[in-house]
Structures are given as C-alpha cells and as structure tokens.
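Enquirer: Chain order of the listed sequences is B and V.
Residue 260 in the working numbering is what sits at position 260 of the first sequence, and the numbering runs on without skipping anything.
Residue 351 in the working numbering is what sits at position 66 of the second sequence, and the numbering runs on without skipping anything.
What the hints contain is simulated information worked out from the structure, not anything from laboratory work.
Be aware that one or more of the hints could be misleading.
Dumping the calculated EDC-like pairs for lysine to aspartate or glutamate here, alpha-carbon to alpha-carbon at most 20 angstroms [unchecked claim]:
| id | chain 1 | residue 1 | chain 2 | residue 2 |
| --- | --- | --- | --- | --- |
| 1 | V | Lys443 | V | Asp432 |
| 2 | V | Lys414 | B | Glu172 |
| 3 | B | Lys167 | V | Glu552 |
Label pairs and their in silico Cβ distance ranges [stated by the list, open to error]:
| id | chain 1 | residue 1 | chain 2 | residue 2 | range |
| --- | --- | --- | --- | --- | --- |
| 4 | B | Leu275 | V | Lys453 | 26 to 36 angstroms |
| 5 | B | Pro194 | V | Pro493 | 28 to 38 angstroms |
| 6 | B | Ala115 | V | Gly374 | 48 to 58 angstroms |
Every residue, glycine too, gets a C-beta built ideally from N, C-alpha and C.
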Amino acid sequence: MFFDPSLSRNRINKLCTTVAGVFATIAVLPLLLVLLYVLWNGGRLISFQLFTQLPPAPGMEGGGIGNAILGTLIVTAIATLIALPVGVGGGIYLSEYSRSGWFAQAVRFSNDVLAGVPSIISGVFVYGLIVATRVFFNQSYSAMAGGIALAVLMLPTVIKTTDEGLKLVPQELRWGAYGVGASRFVTITRVILPAAFTPIATGAVLAIARAAGETAPLIFTALFSPFWPEGIFNPIATMSVLIFNFAIMPYEAQNALAWTASFVLVVMILAANLLARWIARAARP
Amino acid sequence: MATDPKTSLSAASLQSPMPSPVSASAPTVTDSVCMSLENVTISYGSFEAVRNVHLELPRSRVTAFIGPSGCGKSTVLRALNRMNDLIPGCSLKGRVVFDGHDIYNPKVDPVEVRRRIGMVFQKPNPFPKTIYENIAFGARINGYKGDMDELVERSLRKAAVWDECKDKLQQSGFSLSGGQQQRLCIARAIATEPEVILMDEPCSALDPISTLKIEETMHELKRNYTIIIVTHNMQQAVRVADMTAFYNAEAVEGGSGKVGYLVEFAETEVIFNSPGQQATLDYVSGRFG
Ligand SMILES: Nc1ncnc2c1ncn2[C@@H]1O[C@H](COP(=O)(O)OP(=O)(O)OP(=O)(O)O)[C@@H](O)[C@H]1O
Ligand SMILES: [Mg+2]
C-alpha cells in the first residue's frame, strides 16, 4: 500500500526521470548560452548613434550599423512581398482547389524537398539566375536579388503552413458558406481564409524571422555596402553579412559592431517569434 | 399529380430487386410539387449509396426523411441542392427537377441552386464572425440591397433566437450556446430568402427545449418555405412533418455494402399509423432489425 523506493520499478523510474532531465538541460543550454553571450558582448555597446550612423572606415572609432539595420528591413520586406502572395496562393491551391490530385502531391513533395535545401544553395541559385546574368537594369549584386534569395527560403514554410492551416478549417464551415449560396471564391476569401488567419500569420512571421537572419544567400546576392541603401537595384548592407564581414576584421571597432549587430539581430528575431506567439494566442473571433 | 406521364413512365420502367416504392401515388394532398426526384441513384465512387429514388416533395409543407443509420437520408438531402458536388467521387444518375428544370443539367449553376435551396446542417456551423455578420453575409452575397438591420432582426425573429441575440449582435457567433447557434444557422439560411430549406438532423445536438423552439420555427416557416428535414426522432417527425419518407438499406447481390432505397412515402399519419409496407411498420413501431 505504501510507496517503497527500493523496489526495482521505482528505482528505474527515478533513474529514467533523472537521465531525461539531464538531456533536456543539455538541449536548452546552447540557446541560453548564445543568448547570454551575445547579450554580454553586444548589449553593453547599445547606444542611439548605433541606429543612425554608418560603420566607421577601417581603423576609425565609433560609428553605427544604421545602414545594415535598414538594409535587413528592406531585403526582408522584398522577400516577404514576394513569398507571401505566392506562398499563400500556392497553399490555397493545394488545400482548396486540388486536394489530392497527382499535381498537388507533386507540389507538396517538391515543397518539402525545397524546405530542406541548404540556404547557400538558394543563394547560388539566385546568383546564377539574376546576379551573373544582370537581368535587372544590368545590375549585378542588388537588394532585389537578396530579397528573391530569401523569398526562395521562405516559400516552403509559407506554403506548408497555409496548406496545413486551411486543412484545419472544419469542413462544416465550407459547407455552411456554400449552403447560403456563396461561390468558391467568396467562400475562400471571406470565410475560409479569415478562419485560418492565425496559423497562416504565425507561419508567415516565423518564416520572415528565419529569413531575416540568413547570411549565406545574401553573400552571393545582396553583397554589402558601407553606405546607406541606394535603391533596391544596388548592393545593400544587411546585418547578417555585416556580422560575417566585421567579426573577422582585425579592427577593434568593427568587432564590437559585429557583436552589437548580433545582439540587435537576436532581439529582432526574438521579437518576431514573440509576435508570432501573440498572434497565435490573440483572441479568436 | 399521379397522372403525370413522366413519373408513371419512370416508375414503370423501374427494375429493381427491391420492393418498389409506393411513392408515385402517394401525395394525395392538393398542393403543387416543389421538387421531384426521378429515378435518382447516388454513388460514392463505385459504391451505390441509394438507388432508384422516386419522390415528389410538396410545396409549403414539411417533409421528413426517416430511416436507419446509413440508409442514405443525408445523401439524398444533399443531392437536392447539389451539396454532394463538394464530395469528391460522388455522382448522381436520374433527374432532380426543381422549378421545371433538372438541377443536374450541366448548364445549371450550382451556386444559384443553393441560393434558392438553403441548408441547415447537423452540427451548428456559424461563421467565425459576429452574429450580425453571420446573417448579413449570405444576404449580401445574394445581392440584398434593402435595410440590413431590418433583415437581420426579421431573420433572427423567424428563427426564434432574436431575444437571446438582440443585445449581443456584435459578438461572435460562437458566444452562443449550441442550441442558439443552430437557430442562428437557421436564421442565416432564412436570410438568403430561399424557396426550400433542407435540414439534416438539425436538433440532434440540442436539448428538448431548444428542439421544441426549432420545431415551432418550422411550423412558422412552412407558410412561406418548403422544408425537408432528416430526423432520427420519430416523435419529431410526427410533430412537424406533413409528409414522411421512410428509407431503408439492404444488402444486394454483388454489391460492396448495403444499398439504401426509398421504401414508402406518404402522409405522416399514414406512415405512422397504417403504413403500406411491413418494413415501415417494423421501423416506426421500434421492432426493427
Ligand atoms: N462522403 C462519403 N464518402 C463515401 N461514402 C459515403 C459518404 N457519405 C456517406 N457515405 C455512405 O453512403 C451511405 C449513406 O450515408 P448517409 O450519410 O446518407 O446515411 P444517413 O442515412 O444520413 O445515416 P445517418 O442517419 O447515420 O446520418 C453510407 O453507407 C455511407 O457509408
Ligand atoms: Mg445523415
């Protein structure tokens, strides 16, 4: 009747609990350490001029990362403007128009493959397609090319979450809309999409957050620029590439800026994730 | 009506291993036919769910579909406003005539059919919008130009849910109880001003009080609408229906499962008191199986 800790089943139970706890701690440790390390090294250099000034010339002191922050925002916005309509449209097609045809299966499969493609491949792909061929006004590296490379990375997530989100919408709701004489277009745009807004928005924000931190695809496409952005068809500075460039420079000021940029980037991505959580929890209609 | 040449012709050409439905001669009431099914067979893929249904649904009356589970009541009901189009693999043979036209004619627009033949489902399915918008949505897409506030109130009143809703029109439809949601769905169907309302077990998830309210609503509505209701509740059929159709399912040779068919269609009184078929008598008196 009473709990006997010396029984072998109770001893094994205790052992397993301990082992699982240790592994769980090891799993979250990297995340905690990264956050703390970046916070320690980058957080103390935060200042107002950081957001308003250009990086200093090599060997000089001070300066900021204003152009890189703005550049990351621009490139991510371009990527979002491309990936969101295409991805949501593709998801709608998969879920609403072609539920299980062979074409939809093929699209779903290639989408899953695309999701697993390393980000550097997407960079090389856009390099070959846009940068090397100079299709945009004879420009090579550009914010546009960077945005497209990031859009390629975002696309699978957006398609997948839209497809899955729409599948979660109860069939009865579709029937209800058709039952009052709604056409398919009205049913999708006025009833189904609003009902699936939360998962779609969450997926989109997570995809944007992930793309904003990518480096590899931008090195080949957006390159870098020590100046303020000069339109979307010129090379542009981004935070991830700034970190990549500055962290390995033999100058104190640049190294410090790399740390600060890391901190700002982590905070931005954290904020995006919190936003996604907030959307997911926000009062359902 | 029984002398309609088309009906008697198709009834005569009916060759089915099952007892032939006595539907062709059933509606002796003097009202006009609203919809008629002529030799309708509905299949899911290669599986025939219901076979050779002949039925004439009278206008401005409540018709009940009863029968054991799986005999195809919902399938036939969905065929009446082409809701089956939404189920992949579902196909229909025969004719469903409404307003002089076969609604399965390729030239017919199913959206238009559903605007004139509304539907209320077994599970309440309000849209994730406000109560007001739930009603206004259907009316608006149907091109309603009049006073929307007035229409919302009128529809909610007709569905006997106005008193519970009038102070929370701008709240979500989900803030209502299940029974209220179902009446909201009925109001939504009424607001589009259809000619026929199809109801698939509208009260199966409701308490007796809500059920009675919905039944009262149906009595109100049948003055202006033709109502067809699927129900498992015999008393409900007796209470609300003027006409009753009894369906049954039977295993057939070479078939992959039970095939549903219409056994008998007559005035509710006849079905429950002196049915023409033994199976009907067994079913309505609870001696089934
Ligand atoms: N979407 C579907 N796909 C395939 N078969 C179906 C589908 N819906 C119904 N069926 C089949 O058609 C037959 C009739 O089903 P239906 O839903 O019309 O029965 P019902 O009389 O409404 O039963 P219940 O009283 O349980 O609601 C059943 O054998 C069922 O398995
Ligand atoms: Mg049913």
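Enquirer: Would the pair Lys414 (chain V) and Glu172 (chain B) pass a check requiring their Cα atoms to be no farther apart than 20 angstroms?
Expert: holds, 15 angstroms
Enquirer: Starting from Lys443 (chain V), check that the Cα of Asp432 (chain V) is at most 20 angstroms away, please.
Expert: The given pair, whose Cα atoms are some 17 angstroms apart, holds under the 20 angstroms limit.
Enquirer: With respect to the beta-carbon atoms only, verify the hint that Ala115 (chain B) and Gly374 (chain V) lie 48 to 58 angstroms apart.
Expert: Because 31 angstroms falls outside the window, the suggested range is violated.
Enquirer: Verify the proposed pairing of Lys167 (chain B) with Glu552 (chain V), using a straight-line Cα cut of 20 angstroms.
Expert: violated, 43 angstroms
Enquirer: Do the Cβ positions of Leu275 (chain B) and Lys453 (chain V) conform to the proposed distance bound of 26 to 36 angstroms?
Expert: holds, 30 angstroms
Enquirer: Can you tell me whether the CB distance of Pro194 (chain B) to Pro493 (chain V) sits inside 28 to 38 angstroms?
Expert: holds, 35 angstroms
The structure fails hints 3 and 6 (numbered hints given earlier, in ascending order).
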